[in-house]
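J.: Listed below, chain by chain, are the residues.
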Amino acid sequence: MKYEPVIGLEIHIELATKSKMFCSCSADYFGAKPNTHTCPICLGLPGAMPKANVKAIEFTQKFGSAVGCKLLLSSKFDRKNYFYPDLAKGFQISQYDLPFSAEGSLQIKAENGNLKKVRITRVHLEEDTGKLTHATINNRRVTLVDFNRSGVPLMEIVSEPDMESAQEAKLYAQKIRQTARYMGISDADMEEGSMRIEPNVSLRKVTEVSKVSNGSKVSKEQPPYISSRPSVSPDVILPNYKVELKNINSFKFAEKAIDYEIKRQTEILDKGEVPQQETRGFNEQKGITISQRSKELAHDYRYFPEPDLPPLNFTERQFEKIKNKLPELPDEKYQRFIKKFNLGVYDAEILTREQAAAKYFEEAVKAGEKAKISAKSIANVIINDKPDIDKTLPADLVSQIYQKTQATYISDDELARIVKKVLGENKKAVEDFKSGKDAALQVLVGAVMRESKGNIDPQKAKAMLKNLLTN
Amino acid sequence: MKNVSDLTIREASDLLSSKQIKAQELVQAYLKSAHGQNKKLNSFITICDDAALNQAKKVDKLIANGQKLNPLAGIPIGIKDVFSTKDIRTTAGSRVLENYVPVYDATSVYSLNNANACIVGKTNLDAWAHGSSGENSDFGPTRNPYDLSRVPGGSSSGSAVSVASGSSLAAMGTDTGGSIRLPAAFCNVVGLKPTYGRVSRYGVIAMASSLDCIGHFTKTVYDNALVLNVTAGEDGFDSTCTAQKPDDYTKDIEKSVKGFKIGIPKEYFENLDMKIKGLILEAVKKLEKLGAQVEDISLPNTEYGVATYYIIQPSEVSSNLARYDGIRFGKTREKFGSEAKRRIILGTYTLSSGYYDAYYLKAMKVRRLIRGDFVDAFKRVDIIICPVSPTLPFKLGEKVSDPLQMYLADIFTVTANLAGVPSLAVPCGFIGDLPVGMQIIGPDFSEKLLYQVGYAYERETKWYRVRPEI
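Listed in order, the protein sequences are those of chains A and B.
When we follow the numbering used here, the leftmost residue of the first sequence carries the number 1, and every step to the right adds one.
When we follow the numbering used here, the leftmost residue of the second sequence carries the number 1, and every step to the right adds one.
Read the hints as simulated data drawn from the structure, not as lab findings.
Beta carbons are placed, not taken as given, at the ideal position from N, Cα and C, and that holds for glycine.
Misleading hints may appear alongside valid ones.
Claimed, not checked - Subject to a maximum C-alpha distance of 25 Å in a straight line, what follows is the list of computed PhoX-like cross-link-like pairs (lysine-lysine): (1) B/K362 x A/K76; (2) A/K51 x B/K2; (3) A/K376 x A/K437.
Unchecked claim - Chain A regions said to be covered by chain B (calculated; three or more residues, Cβ under 8 Å): (4) 44-53; (5) 75-88; (6) 307-315.
Produce the complete structure using the sequences and hints provided.
T.: Laid out in structure tokens, this is it:
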């Protein structure tokens with residue numbers, strides 16, 4: 001039987017604000033001593049109350065805008081109640097039915113070159129949890145909690161189940177990371193945990209074609225998709241189960257976990273059974289997924305409006321300001337590089353992957369204008385030689401390229417011809433050098449440079465002159 | 001000089017600034033009273049001798065240096081044991097937090113300390129502020145100083161009693177459904193539930209966050225305004241606290257009520273003790289004599305008040321109490337009393353998937369209608385006067401086993417919380433030896449107006465002079 005994977009992604013990104021989401025503690029906790037970035041608010045001490053970080057809200061709206069989402073004029077925070085002790089309050093402040101933005105999309109380009117649109121359901125804001133470490137201390141099994149991360153602003157991006165392979169999922173996640181970095185709102189680093197991916201994977205039979213019902217029941221377990229549009233293209237129906245994958249901390253593992261899951265579910269479906277709706281964790285050592293929580297234990301988060309934070313209202317003018325301040329998006333930059341610099345798609349793609357590299361390239365192109373060095377040759381050097389862009393100034397790179405191109409402009413034969421000619425025309429200098437006046441060599445080098453119109457490495461000319469004169 | 005325990009803040013403050021009494025003497029006297037009466041009344045969970053005396057010493061020094069101080073400087077005050085007080089145990093009246101010592105002060109406590117008020121102790125309350133009688137306290141019930149066999153009203157029982165019995169000159173309380181106004185009425189003291197957002201809630205252990213209001217008790221209306229002058233105002237730590245500048249609440253307090261329009265809502269004069277109804281209407285007549293106009297009005301959604309309140313409040317309670325599980329904070333959940341458990345279960349149910357729309361969401365809609373009633377009424381009248389309680393202070397044990405009867409004690413008070421409007425409970429006489437109070441309700445942020453009306457009435461009656469014999 002042939003199956004088609006149906007994959008949606010929930011991506012969490014920590015925002016690089018100075019302070020936490022609801023208090024003034026520093027949000028830059030990476031590597032800090034446990035429980036040093038805490039206060040009554042992020043420790044949930046009795047009586048403490050949250051105060052929303054305006055910058056984090058702006059970052060979220062900025063990102064939502066960048067991925068084509070509508071920004072909502074009225075929004076609010078909600079409480080997501082659950083027992084797990086990674087937040088001291090016993091609930092997480094998140095957003096339920098009125099996220100800051102919704103209904104956007106991103107375009108990804110598969111390896112075969114095909115473009116594909118992945119729809120984004122919503123982009124909302126919540127608080128990160130404390131970090132639990134399970135350990136054994138004095139022969140006792142304990143769980144240690146570090147609240148440094150508790151209350152760090154966390155943006156969640158929920159996609160529609162539009163991806164059909166692990167590779168597409170990876171490309172989409174990479175595009176999300178790229179966009180977050182372009183917006184300057186996060187490092188979005190998978191290894192450091194400032195970006196986390198949770199894929200939802202299920203399979204449907206390729207022949208399974210029927211009408212999707214519009215009035216699907218919204219469960220309170222997950223935030224509703226506020227979208228009025230059907231959740232998949234109108235002629236397909238979603239499988240009646242969904243497996244959520246967790247514990248993934250690299251793009252490579254995301255791909256591996258999804259591929260494993262597709263294989264696992266295929267085997268179950270081939271036996272005529274239906275995979276269980278559950279949450280599974282990825283085990284990196286074994287490269288497999290392991291069941292963590294089944295549907296029977298699914299949470300009822302009992303969402304309700306956070307009474308400590310008044311609802312938020314925005315104006316179209318505020319939104320225009322956000323949109324006007326958006327930096328150039330990766331896709332825009334890519335198109336512009338192709339058009340303006342005459343680059344191939346491959347070069348343009350590589351150069352626009354990171355904003356810093358793109359900026360470096362553009363500065364180098366500008367610096368090379370005078371010496372008539374083409375954008376294409378600068379692109380080639382950046383892509384093939386991979387100069388350290390933190391250490392080499394764009395102008396220095398350009399002069400290196402200049403010298404290199406000039407030095408190879410004249411062939412060795414041509415150089416030999418010029419040197420012979422110079423030696424023949426400057427007998428006096430030759431005599432001087434032979435009688436011990438080293439400075440005479442410099443006169444000869446100058447003559448070679450003039451003769452070659454500067455199109456030669458002076459060191460090379462000097463070496464050749466010396467060689468001929470001393471033998 | 002008058003008996004120290006009969007003083008008002010205004011009088012005590014004058015004595016302090018004119019150096020007729022030292023703050024240390026005043027505070028010492030109140031501490032003595034607190035210790036002495038606590039055996040009978042049980043109004044304090046913790047009495048803070050050292051902290052209060054240290055603060056008093058500081059005040060004496062400042063006065064000696066000729067500093068101009070806030071009228072609350074050197075004034076002994078009680079704090080309901082649900083306000084976080086740095087280095088002072090804060091139990092919320094529950095064994096769950098029996099040993100909890102906060103590392104920070106609630107904003108209102110901070111403001112009072114800044115005004116150099118002296119905290120004599122943390123007052124008793126129904127555990128987690130759940131209750132209308134004080135009997136739900138895990139530290140034993142507080143008793144009504146006017147009749148020791150009766151309840152003082154709750155949940156801010158100890159605060160009301162400490163003021164009524166002369167163990168403090170003012171006391172902070174919280175009012176989520178009537179927890180200040182009911183004990184104020186039962187104990188012959190003035191109690192304010194301010195507009196939602198007028199006083200910061202930061203640092204006060206939350207019961208139902210969208211309803212909780214931070215208020216206080218005093219003997220007189222003027223004293224009450226003095227305290228609000230200190231506690232009201234914007235707070236960077238409480239987003240629900242308004243940026244609107246507070247008034248000077250004692251300014252113009254003596255202005256006449258001539259021309260004021262008083263609304264009498266018919267729904268609040270049905271199904272209550274007829275003698276109470278009589279006293280309230282008598283009070284209204286007094287104000288009419290002073291030049292106010294009286295008009296019959298209707299607040300048609302009043303009948304849904306208690307039902308709406310008992311959906312929204314437990315929903316928020318269930319979430320707010322989640323952290324007290326013996327893992328995060330406090331002792332294990334077995335230590336919760338039955339009322340807290342009841343509300344946690346009720347609220348967990350009403351927020352659950354499949355029930356949310358039918359309960360919580362619907363209650364929020366009704367809440368808007370109830371607020372609408374008040375908004376409409378205040379287009380016609382300046383203030384509304386109605387009773388605080390349908391009954392006199394009841395006997396200890398009378399309602400404790402019947403939660404529904406207990407909930408109905410708040411039938412006239414929950415609506416102001418649902419609507420968010422301010423309400424001032426003012427003593428309006430006695431039936432036998434038992435006090436009766438009335439509510440003066442106004443539109444959002446009309447506390448100044450409420451004080452004017454309360455002051456005008458109090459000047460005619462001076463019920464605060466009727467002291468309990470303990």
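J.: It remains to establish, for every hint, whether it holds in the given structure.
T.: Here's how the hints hold up against the structure:
Between B/K362 and A/K76 the alpha-carbon distance is near 19 Å, which keeps this suggested pair within the 25 Å criterion. Taken as a hint, the A/K51 and B/K2 pair is broken in the structure, with Cα atoms around 48 Å apart against an allowance of 25 Å. Annotation: proposed proximity of A/K376 to A/K437 is violated, straight-line Cα distance about 46 Å (limit 25 Å). Here the segment 44-53 of chain A counts 9 residues with a CB under 8 Å from a CB of chain B, which clears the bar of 3, and the coverage holds.
Here's how the segment 75-88 of chain A fares: 5 of its residues keep a CB closer than 8 Å to some CB of chain B, so the rule of at least three is met and the hint holds. Check on the segment 307-315 of chain A: 4 of its residues sit with their Cβ under 8 Å from a Cβ of chain B, so the three-residue criterion for coverage holds.
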